[in-house]
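My request is simple: use the sequences and hints to build the entire structure.
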Amino acid sequence: MNDRLAGIKQEILNGIDQLAASRAAAFELRKQFLDSKTGKIGQLMKEMKNIAPEERAAFGKNINELKDWAQQKFSELDEKLKARELERRYESEKIDVTMPARETETGNLHPVTQIRNQLMDIFVGMGFEVAETREIENDYYNFEALNIPKDHPARDMQDTFYLSPEYLLATQTSGAQIHTMEKKKPPIKIVAAPGKVFRSDDDATHSPMFHQMEGLVVDERITMCDLKGMLELFAKKIFGEDTTTRLRPSYFPFTEPSVEVDVSCFSCGGKGCRLCKGTGWIELLGAGIVNRRVLENCGIDSEKYSGLAFGIGLDRAAMLKYGINNVKLLFESDLRVLRQINDN
Amino acid sequence: MLVPLSWLKDYVDIDITPQELEKKLFSCGFEVEELTEVGKEISKVVVGSVEECEPIPETHLHVCRVNAGSHGVFQICCGADNVRAGGKFPVALVGATVYMTAKDHKTVEGTMTIKKGKLRGYESEGMLCSGVELGVSESMFPGAGYNGLLELPEDAETGADVKPMLGLDDWIFDISITANRPDCQSILGIAREVAAVLDKELKQPSLEYTETEAEKEGFSVTVDAPDLCPRYIGHFVYDVKIGESPLWMKRRLALVGQDAISNIVDITNYVLLEMGQPMHAFDCDYLEGNAINVRRAGEEEKLVTLDAQEYTLNSSHLVICDGVKPVALAGVMGGLNSEIRDTTTEVLFESAKFMRDNIRRTSRALGKRTDASARYEKGVDEYTTVHAMERALHLVEELGCGKVSRTHVDVNTGNSIEPREMKASVRKVNDVLGIDVPQNEILRIMKNLDFNPSVAGDELTLQVPAYREDMDSYPDVAEEVIRMYGYDHVVPAFMPDAKVTMGGLDLKQKRELKLKRALCSAGAYECIHYSFFSPSDLDLLRLPQEAPERNAIPILNPINEELSLMRTTLAASMLNAIARNQKKGNLEGRLFEMGNVFVPEELPLNSYPDERDTLCIGIFGEKESFFTLKGLAEKTAETLFLDFSYEPVKKPFLHPYQAAAVFCQGKEVGYLGKAAYEVCEKLDLRTGAYILEMDLKALYAMRERAASFTPLPKFPEESRDLALVMDRKVTCGQVEDIMKKSCSHIRSIKLFDVYEGEQIPEDKRSMAFTIDFVPGEEAFEPDTVDRFVKKILKNLKNQLDIDLRS
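Just so you know, the sequences run in chain order A and B. If you're matching positions, the first sequence starts at 1 in this note's numbering and goes up one per residue. If you're matching positions, the second sequence starts at 1 in this note's numbering and goes up one per residue.
No lab work stands behind these hints, which were simulated from the structure alone. Among these hints, one or two may not hold up.
[Stated by the list, open to error] Selected chain B positions facing chain A (Cβ under 10 Å, derived; list incomplete): (1) S473; (2) A498; (3) G504; (4) E526; (5) E588; (6) G618.
[Said to hold, decoys possible] Simulated pairs of lysine to aspartate or glutamate, DMTMM-like, Cα-Cα distance not exceeding 20 Å: (7) B:K510 x A:D121; (8) B:K499 x A:D219; (9) B:K510 x A:D343; (10) A:K304 x B:D458; (11) B:K750 x B:E647; (12) B:K24 x B:E34; (13) B:K623 x A:E105; (14) A:K185 x A:E296; (15) B:K325 x B:E299; (16) B:K447 x B:D472; (17) B:K583 x A:E332; (18) A:K150 x B:D470; (19) B:K40 x B:E22; (20) A:K150 x B:D227; (21) B:K428 x A:D219; (22) B:K423 x A:E303; (23) B:K514 x B:E634; (24) B:K510 x A:E132; (25) B:K623 x A:E103; (26) A:K236 x B:D488; (27) A:K67 x A:E79; (28) B:K23 x A:E260; (29) B:K241 x B:E346; (30) B:K23 x A:E283; (31) B:K428 x A:E220; (32) B:K514 x A:E105; (33) A:K183 x B:D506; (34) A:K150 x B:E469; (35) B:K514 x A:E129; (36) B:K697 x A:E132; (37) A:K271 x B:E20; (38) A:K150 x B:D381.
Cβ atoms here follow ideal geometry from the backbone N, Cα and C, with glycine treated the same way.
Printed below as a string of structure tokens:
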């Protein structure tokens, strides 16, 4: 009897050895031995009645052992075949990962919009609201109210496009200062956007349309120190924590004192390079303490309140930050350019 | 403005390097745009004494023995015709750099380094130089213009560097002057600032002269236009001997690029440069009527200026006239009729203040810019007007080119040139800056700037020099103080006293940004185009004459016609952008722009026009179609929480059968469609292009769908597919409309197939829809949805004769 058990065992081992690598064949083989009705091991159980009663217990035990052993064997086999099958499936799905990606193109904001958004985020974080700028202004808002009377040479600094004797294309976003101060009383903290401005200048480095962002703070006791502190903070956020700023005297009719704000060159860190023309500094924006006459023109008490104002050239900032070498590229909508600047 | 260092040194002791001075100027508000070393290209050129000079047979050359002092004695071959033994000439030693000239010996063609050489078998160690080879002109050094060797004076020290004696050891500062400091449009003005920043004394140029008893009898000056000429000073000079100016004067003029003309004319130019006051000299022989009259020009009055240009004037121009006729265009240029000639013996010097605006207008209107007009446009002060005349008369005496009469006429409006008193609170000055500048520093700075300050308690009293017309109030004082004290003293702070404010974008700004981002995520790139366009763009769009887009605001002074109208549509710029991309090989892509179109109330403009926010999308390439563009329209609607509907429309620049008007809440808000083939052809487009334009201002004003939650259905939804057969004229929109109106339980209707052809009658087509039905408070009964469908089909049949496809 035990020989028969050993024979079945050998039969199973042989069967597994000769088995083709298919789970279906393995299942069939398993059925031959382990099917509860037709399996060879099950058949042995039926012979129990022919066994002497005193041997039945040992016989049953042996069969059960055989059954356990066989089950174990077949489940190992199945595991092995399953693994092999999966391996084959993986192999069949092999791809060349160096082939190009399937396009899921996402567009970009315009580089000027990207810079503007970054600036707005910073200033909004500082408690600034965003005021709107006009593209078409009248003489009063663009010039007169900003302390640039008709005969002022500062008008020459800006070649103005005129639409009529009184109306013109904004040459600067500073008109937004006046519109704001006419509507709001201090405390005022605004930046103005989108800031399209125009000057009759069209050459390799000038575009007749460009963008500024104007900033204005009016409150009690606003000083040059606040101007420096605020712009320094801003410069660090845009150009990196190591950036330092420098104020130097300048002139704008609507601020007094007026300054140019330079930042340490973010390309060379101030050592001097081509970007900063060897000076270590990059001219970033114009700013100053709001001229008292401008406050008075808007009905704000200049004895009580003072203000600071600044204007940033966005196109220039974008060109500096992204290394765009020609201002005209910003307005040509060449996809080869637009696809590159992804700092959204 | 060009400022030679040597000239500055006349007025200030400068004991720092030019580079250090550049930094000092920069820190106090005078940016040096360029610092140029005059003799930068010239090195190792010394005084050579020719000891022997023998002709080389059958050539024009000489072989010379040249003593270069401590540098040695060299044999040098020389081809110049004025080389001679006993002469002293500049000698470029081996290794020297000088200018290289063309065959004409006059044109500079770069620089060269002198090497040992051999000419006709003779060794040559060095080169004797001409003026051109050293970059020295006749006005820099007499004889330098000769086409041969530059002959040096006999007493020149052999072996000494030639640069100092030729004026080549100088530096030129090109300084940009801000518009508030017209008083610095001169060497003296800059010298004042340099003296202040260096804590040095300013040495005033000499203004002394001696008046003789002579006078020009009966001579009178009248100013008929005091509003344009608040001050006019004339002084008569006689016994004039016209000749060349001395070397020092010619050299200074040359350094700033001014040609020497004659002593009298050079004096006027010199004073302009030195003091910033334009001057003029009239030849009295050609002044008629023994009088000067300053008046507005008559209509059509003519004047020929010094440069022989004739101008037809009108009453907006100011002219200087003698007793009979105009003799100068005030503040711009003298008249040819009274110019200084070699024969001139009597001169009337003019020093005047003309109003800057008038000079600017005249200069612009006539297209004539001169050094004088440039100064006047920025503003000339009367202080300088007075002193410049004194300086000119002093120079006449110094040069010995004439005698100063006692005929001095000064017509003025009573303005004082004495300092005016100004008071300012020290605390307020410091409050502007946010730091406490020590009082003694404030006093030191203001004293250096010639404000003669004093302080009592908090009150600072200043004597403002008459040339500082910009000084008005305490912030101006703050500016003077800080630019001299140094901006590096300003300590960064962050508004410690300011009230807290709520920052943020308003709703419109947020929606705009959200829409931009949504379009980007749909693969579109944002563009920015100029706000102006060309009349030809309107033609590109094939817009008829009466189209509202043709009512564009013109720019009165455009750069060119291409940029002469304010945009009334963004479509043309977008189509042009697509064309540019295709020319560069970008054959597919998606672009969008959000910008303004300008709608005037009336023309010419006398009120603000409507600056209307507008969206334009342009897509092109094989993958694009009307429906991909419509997808972007729907994206726009979805982003703005709005619903759009579409109706076929005709636009002259769009495909007649692939264009739709877009409606929102009953209002037409834009269009989308395929660019017409005529447009594509004009732009040489290689693929189809699709354009959308929408009035964002109108959309922003629309009531947006509230962001709210509808509870999920408690009971299962059901859906049905319906294939319908209809007349080809019936639109999908019409079918959907009827469906929606037929049943309130419809959640969505989706077209999934359109078919024309076999099994469908010829004039018909089939559309297949999936309709999702959503139950309300109760679950659908088994036949509920079938009843809905029956009703829908009935309505479709009744209204549009639509059948279920069998």
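Worksheet item: Taking only the CA atoms, is the gap from K510 (chain B) to D121 (chain A) under or equal to 20 Å?
Response: Given that 20 Å is the threshold and the Cα spacing comes to 12 Å, the pair holds.
- prompt: Taking only the CA atoms, is the gap from K514 (chain B) to E634 (chain B) under or equal to 20 Å?
  reply: Since the Cα atoms of K514 (chain B) and E634 (chain B) sit roughly 14 Å apart, the hinted pair holds (cutoff 20 Å).
Given the hinted pair K623 (chain B) and E105 (chain A), is their Cα-Cα distance within 20 Å? holds (13 Å)
Open item on the list: Checking one constraint from the list: CA of K67 (chain A) to CA of E79 (chain A), max 20 Å. Satisfied?
Closed with: holds (18 Å)
- Item | Interface hint for E526 (chain B), Cβ within 10 Å of any Cβ on chain A | Holds - the Cβ of E526 (chain B) comes within 10 Å of chain A, reaching about 4 Å at its closest.
- prompt: For the pair supplied as a hint, K499 (chain B) and D219 (chain A), is the alpha-carbon distance within the 20 Å limit?
  reply: Distance ~8 Å between K499 (chain B) and D219 (chain A) Cα, so the pair holds.
Q: With a cut-off of 20 Å on the C-alpha distance, tell me whether K423 (chain B) and E303 (chain A) pass.
A: Roughly 16 Å separates the two Cα atoms, so the pair holds.
Can the restraint linking K428 (chain B) and D219 (chain A) be considered satisfied, given a maximum Cα separation of 20 Å? holds (15 Å)
Would you check the hint for K510 (chain B) and D343 (chain A), treating anything up to 20 Å between C-alpha atoms as holding? holds (19 Å)
Check the hint pairing K304 (chain A) with D458 (chain B) against an upper bound of 20 Å on the C-alpha distance.
The hint holds at about 18 Å.
Compare the distance between the alpha carbons of K514 (chain B) and E105 (chain A) with 20 Å, and conclude whether the hinted pair is satisfied.
Measuring from Cα to Cα gives roughly 18 Å; hence the hint holds.
### Query
Given the hinted pair K236 (chain A) and D488 (chain B), is their alpha-carbon gap at most 20 Å?
Given pair K236 (chain A), D488 (chain B) holds - Cα atoms ~18 Å apart, limit 20 Å.
Hint compliance for this structure: no hint is broken.
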